[in-house]
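Those protein sequence lines, which keep their order, are chains A, V and H. Note that the numbering used here gives residue 307 to position 307 of the first sequence, counting from 1, and the numbers run on in steps of one. Convert by adding 1000 to the 1-based position in the second sequence; the result is the number in the numbering used here. Convert by adding 2000 to the 1-based position in the third sequence; the result is the number in the numbering used here.
Calculated from the structure, these hints are not laboratory results. Accuracy of the hints is not assured; some may be wrong.
Said to hold, decoys possible - With a Cα cut of at most 30 Å, we get these calculated BS3-like pairs of lysine-lysine:
| no. | chain 1 | residue 1 | chain 2 | residue 2 |
| --- | --- | --- | --- | --- |
| 1 | H | K2173 | V | K1122 |
| 2 | H | K2203 | H | K2184 |
| 3 | A | K156 | H | K2203 |
| 4 | V | K1151 | V | K1122 |
| 5 | A | K323 | H | K2190 |
| 6 | H | K2087 | V | K1093 |
| 7 | H | K2190 | V | K1024 |
| 8 | H | K2289 | V | K1151 |
| 9 | V | K1151 | A | K82 |
| 10 | V | K1139 | A | K86 |
| 11 | H | K2164 | V | K1024 |
| 12 | H | K2293 | V | K1024 |
| 13 | A | K323 | V | K1006 |
| 14 | A | K86 | A | K54 |
| 15 | V | K1006 | A | K54 |
| 16 | V | K1131 | V | K1093 |
| 17 | H | K2190 | V | K1122 |
| 18 | V | K1006 | H | K2203 |
| 19 | H | K2173 | V | K1006 |
| 20 | V | K1084 | H | K2087 |
| 21 | H | K2293 | V | K1089 |
| 22 | H | K2087 | H | K2289 |
| 23 | V | K1024 | V | K1093 |
What the hints assert, rightly or not - Computed list of chain A residues with no C-beta within reach of chain V, every gap over 12 Å:
| no. | residue |
| --- | --- |
| 24 | Q97 |
| 25 | F107 |
| 26 | R306 |
| 27 | W307 |
C-beta atoms are modelled at their ideal positions from N, C-alpha and C, and glycine is treated no differently.
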Amino acid sequence: MMELAPIFTWIHDLLLSLGLGPTWTDLISQIGLAVLVFSLLCIVALFLVWWERKISAHIQQRYGPMMTGWHGVFQTIMDALKLIQKEDIVPAVADRQVFFWAPVIVFTCAFAAYIVIPFGKGLIVSDLNIGILYIIAITTFTIIGLLMAGWGSNNKYALLGGMRSAAQAVSYEVPLVLSIMGVVMVTGSMSMNDIVAAQSGWAGFRWNVIFQPLGFVIYVIAATAEANRTPFDLPEAEQELVAGFNIEYSGMKFAMFFLAEFVNMFTVSAIATTVFLGGWNGPFLPSWIWFLGKTLAMVFLFMLFRWTFPRLRVDQLMEFAWKVLLPLAFVNIIYVGVMSLWLKW
Amino acid sequence: MVEVVKQFASGIYNLLLGMFTSGKHLTRHAITVQYPKERWEVPERSRGMVVLLTDHETGRLNCTACLLCMRGCPSGAIDIEVEKDEKGKRHLKNFTVDFHLCCFCGLCEEACNFAAIKLSRKYEFPEYDKKDLIYDIQKLQAAGLDVPYEKPVRNKVEPKTPSAAPAAAGTPTADTPPPPPPPAAEGPTPTEAG
Amino acid sequence: MAEELRTEDMTVNMGPQHPSTHGVCRLVLTVDGEIIRDCVPVIGFLHRAIEKMCENRTYAQCIPLMDRFEYCTSMSCNWAFCLAAEKLGDIKVPERGEYLRVIMGELNRIASHLIFVGVTPMDCGALTPFLYTFRERERIMDLFEMTCGQRLTYNYIRVGGVAKDIPPEFIPKCREFLGIFEEKIRDYEKLLVDNPIWIARNKGIGIITPQLVYDYAISGPSARASGVNFDIRKNDPYSIYDLFDFDIPLGTNGDSYDRFNVRVNEMRQSARIVAQALDQLPDGEIRAKVPLKFKPNPGEVYSRIENSRGEMGVYLVSDGGPKPFRMRARGGSYNHLQAVPHIVKGLKIADLVAIFASMDIIMPEIDR
Chain A
1 MMELAPIFTW
11 IHDLLLSLGL
21 GPTWTDLISQ
31 IGLAVLVFSL
41 LCIVALFLVW
51 WERKISAHIQ
61 QRYGPMMTGW
71 HGVFQTIMDA
81 LKLIQKEDIV
91 PAVADRQVFF
101 WAPVIVFTCA
111 FAAYIVIPFG
121 KGLIVSDLNI
131 GILYIIAITT
141 FTIIGLLMAG
151 WGSNNKYALL
161 GGMRSAAQAV
171 SYEVPLVLSI
181 MGVVMVTGSM
191 SMNDIVAAQS
201 GWAGFRWNVI
211 FQPLGFVIYV
221 IAATAEANRT
231 PFDLPEAEQE
241 LVAGFNIEYS
251 GMKFAMFFLA
261 EFVNMFTVSA
271 IATTVFLGGW
281 NGPFLPSWIW
291 FLGKTLAMVF
301 LFMLFRWTFP
311 RLRVDQLMEF
321 AWKVLLPLAF
331 VNIIYVGVMS
341 LWLKW
Chain V
1001 MVEVVKQFAS
1011 GIYNLLLGMF
1021 TSGKHLTRHA
1031 ITVQYPKERW
1041 EVPERSRGMV
1051 VLLTDHETGR
1061 LNCTACLLCM
1071 RGCPSGAIDI
1081 EVEKDEKGKR
1091 HLKNFTVDFH
1101 LCCFCGLCEE
1111 ACNFAAIKLS
1121 RKYEFPEYDK
1131 KDLIYDIQKL
1141 QAAGLDVPYE
1151 KPVRNKVEPK
1161 TPSAAPAAAG
1171 TPTADTPPPP
1181 PPPAAEGPTP
1191 TEAG
Chain H
2001 MAEELRTEDM
2011 TVNMGPQHPS
2021 THGVCRLVLT
2031 VDGEIIRDCV
2041 PVIGFLHRAI
2051 EKMCENRTYA
2061 QCIPLMDRFE
2071 YCTSMSCNWA
2081 FCLAAEKLGD
2091 IKVPERGEYL
2101 RVIMGELNRI
2111 ASHLIFVGVT
2121 PMDCGALTPF
2131 LYTFRERERI
2141 MDLFEMTCGQ
2151 RLTYNYIRVG
2161 GVAKDIPPEF
2171 IPKCREFLGI
2181 FEEKIRDYEK
2191 LLVDNPIWIA
2201 RNKGIGIITP
2211 QLVYDYAISG
2221 PSARASGVNF
2231 DIRKNDPYSI
2241 YDLFDFDIPL
2251 GTNGDSYDRF
2261 NVRVNEMRQS
2271 ARIVAQALDQ
2281 LPDGEIRAKV
2291 PLKFKPNPGE
2301 VYSRIENSRG
2311 EMGVYLVSDG
2321 GPKPFRMRAR
2331 GGSYNHLQAV
2341 PHIVKGLKIA
2351 DLVAIFASMD
2361 IIMPEIDR
């Protein structure tokens, strides 16, 4: 079984032995890792698009993509190639600057979250001591991108979609943060590595979800809304708003939105894995396989949500966030506080 | 309070039930057909491309140019050119089916008493040029060569079969050649509105 | 300051190209944010002049046109037209012909309701039931294609009977379908009926009161969901519907949720009718002896049947010639669409989509 972390340590040591100073060595190895993570994430996003199509197809008793490669695995790559070739159409009445920067912001923020996610033992680009806070902050930036897309397109449907996404994100950010807060309270640290390390007991199965099931449920629901997935996919509800905020986008900009959506889904799954499902902890297999397996299981859950449930209405969405999820999140925090004082978790 | 908890629990249960249902289907086989690679057998009666049938013994078309199909066609897709020889016998000169207009209703096949025209099971005949969709007599005959059909016993054709042409001007019988058609103006010439 | 904070109503053109307008309907919405202040349906994008075209065609040639009158239930449209023509011509349909008509008509009703059951959740965001219902619909289409040769525009029912007898493999296949169908309906119900999100989206939304039903002449399942017990199959029986034992599912609230459930239960009843008809199917002629050049008596006639969307009526005027002098067809959707603006005012855009779907409005029937 192969752990990846020693390889990076080896490269780090090699650079160090070449006579570079520790600052430069750290910088180079971190940039290298970041590039690696970025390219891996691109592959993961492409894979997820294919996987979603396959899962949805098989739930609906279809085949899905079958033509390119084994069961159509290269379908997304071909689609991306096609989208790159396409003409980049900008509506004449669009606010060109806003219209241009919106997908860039969405795309960048979606990827930037991965700097602090531990993919395995020692596989982390930068172990910030405010890791969780950083992730929440950076994923919220996505909303600014969506709002810009909705406003900049100068399309009524897009505007409604952008407004919906802003309202939705603001509402669901609160229970999301509060549900994670329970874990932070127990761990006593916002660093992702510390959170994972705190769950390493019981041969790697001392998961936070066992102690805080309510927090996990709240997180999953809020995360579904954060990732704009059904039943909370109102910003792009195609039956109401045609395509929502990305209605005017075509070509590569559309592909950026599309990939960012799947990267976001992977992000929230990765956070769920790290915070609630024990991260990369696990026996026998290498740590990164555990991480990937748990994350993909979470992604599968989100996919099952999407292909089973109808969509909520916009006011019900708000009502649910403020009247149900938020009180439950407070209940969870009180519960965690009491239990950690009483049982000394 | 109990009611709220009960409602909440039943809601969760039903959400899980829905997810179980879609999960159950995930394990089943796909029912769709990968079309260009595999094709399914269309039923015997499937109404596809209109073809002209050839008598396998004589190698000549079954068509007697009685124009019943042309009159029965609701969309005016069929155009038949007839010429008379010096004895006054009618010969088929050209038979055109315009597949832009054809709505595959099958009324021409029902109108025909001589098994001359049939809606075959062929359903794939796209063309790059629209003009190629207007089939003339040669193309229709060639398309109909491999279409199986039952030749009607000519002596036993009833004068008025229930399934005969709805708007036939005259009923052809076996013994007499089909009567010359009345002037075209009399017949119900379907005209496309607009 | 107050002047700067002023908000403005926005006019949104929903359609003619919009994913959830079921055809090419244009809805001019005046929205305040997400709330609908006004809704004006604009129709006519699918106008094909079917009624005028029928005046230029013989009675038999009209039937393929009636296929396109409302393509989800072509059989019923054929049937309504033939029923009117038979009334004009005093034609008695043989018994087997009537049974075959009932079987086909009820299977077609199931097929049409399956589209509804698939499309309505899709408009609420659940895509999967759509594929499931179409899976079952394909089996009905197979039965139709086996019998008449087409999957959508059947041209099967003729003046005086039906065009072709059913093939021998039809009955076992139909029974097989009816056997599995109940289980499939339960699958749809598991996915939707008790789902809390579905209930939240549909219960109490788009309520049609019985008064509104009478005011707008809403018919069919949409009226029965409001508790108006009116089904032409029971109240004004045509064909041989008085021979069968079936119930009329009724709703109580007249909301989208009831409209959905009524249709789901109607599929069960239709399956019951088909099963009974298959059991009792007699031998004999399938088509009455209709003169080749069918010329009905001069006069006018209105005949109506219970289509899957409501009352489907055909008004025929004959001058004794081979072609109808005037043909006028009535589809239920036209009245349903008129009622929509009255229901949706003050609701959200998402509700409009759900209500529009739950009324089972289909555009070809409106634009003709």
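Each hint tested on the structure:
{"no.": "1", "hint": "H/K2173 to V/K1122", "result": "holds, 24 Å"}
{"no.": "2", "hint": "H/K2203 to H/K2184", "result": "holds, 23 Å"}
{"no.": "3", "hint": "A/K156 to H/K2203", "result": "holds, 28 Å"}
{"no.": "4", "hint": "V/K1151 to V/K1122", "result": "holds, 20 Å"}
{"no.": "5", "hint": "A/K323 to H/K2190", "result": "holds, 27 Å"}
{"no.": "6", "hint": "H/K2087 to V/K1093", "result": "violated, 42 Å"}
{"no.": "7", "hint": "H/K2190 to V/K1024", "result": "holds, 12 Å"}
{"no.": "8", "hint": "H/K2289 to V/K1151", "result": "holds, 24 Å"}
{"no.": "9", "hint": "V/K1151 to A/K82", "result": "violated, 54 Å"}
{"no.": "10", "hint": "V/K1139 to A/K86", "result": "violated, 41 Å"}
{"no.": "11", "hint": "H/K2164 to V/K1024", "result": "violated, 40 Å"}
{"no.": "12", "hint": "H/K2293 to V/K1024", "result": "violated, 57 Å"}
{"no.": "13", "hint": "A/K323 to V/K1006", "result": "holds, 18 Å"}
{"no.": "14", "hint": "A/K86 to A/K54", "result": "holds, 25 Å"}
{"no.": "15", "hint": "V/K1006 to A/K54", "result": "violated, 36 Å"}
{"no.": "16", "hint": "V/K1131 to V/K1093", "result": "holds, 20 Å"}
{"no.": "17", "hint": "H/K2190 to V/K1122", "result": "violated, 41 Å"}
{"no.": "18", "hint": "V/K1006 to H/K2203", "result": "holds, 19 Å"}
{"no.": "19", "hint": "H/K2173 to V/K1006", "result": "violated, 44 Å"}
{"no.": "20", "hint": "V/K1084 to H/K2087", "result": "violated, 43 Å"}
{"no.": "21", "hint": "H/K2293 to V/K1089", "result": "holds, 26 Å"}
{"no.": "22", "hint": "H/K2087 to H/K2289", "result": "holds, 15 Å"}
{"no.": "23", "hint": "V/K1024 to V/K1093", "result": "violated, 62 Å"}
{"no.": "24", "hint": "Q97", "result": "holds, 43 Å"}
{"no.": "25", "hint": "F107", "result": "holds, 31 Å"}
{"no.": "26", "hint": "R306", "result": "violated, 10 Å"}
{"no.": "27", "hint": "W307", "result": "violated, 6 Å"}
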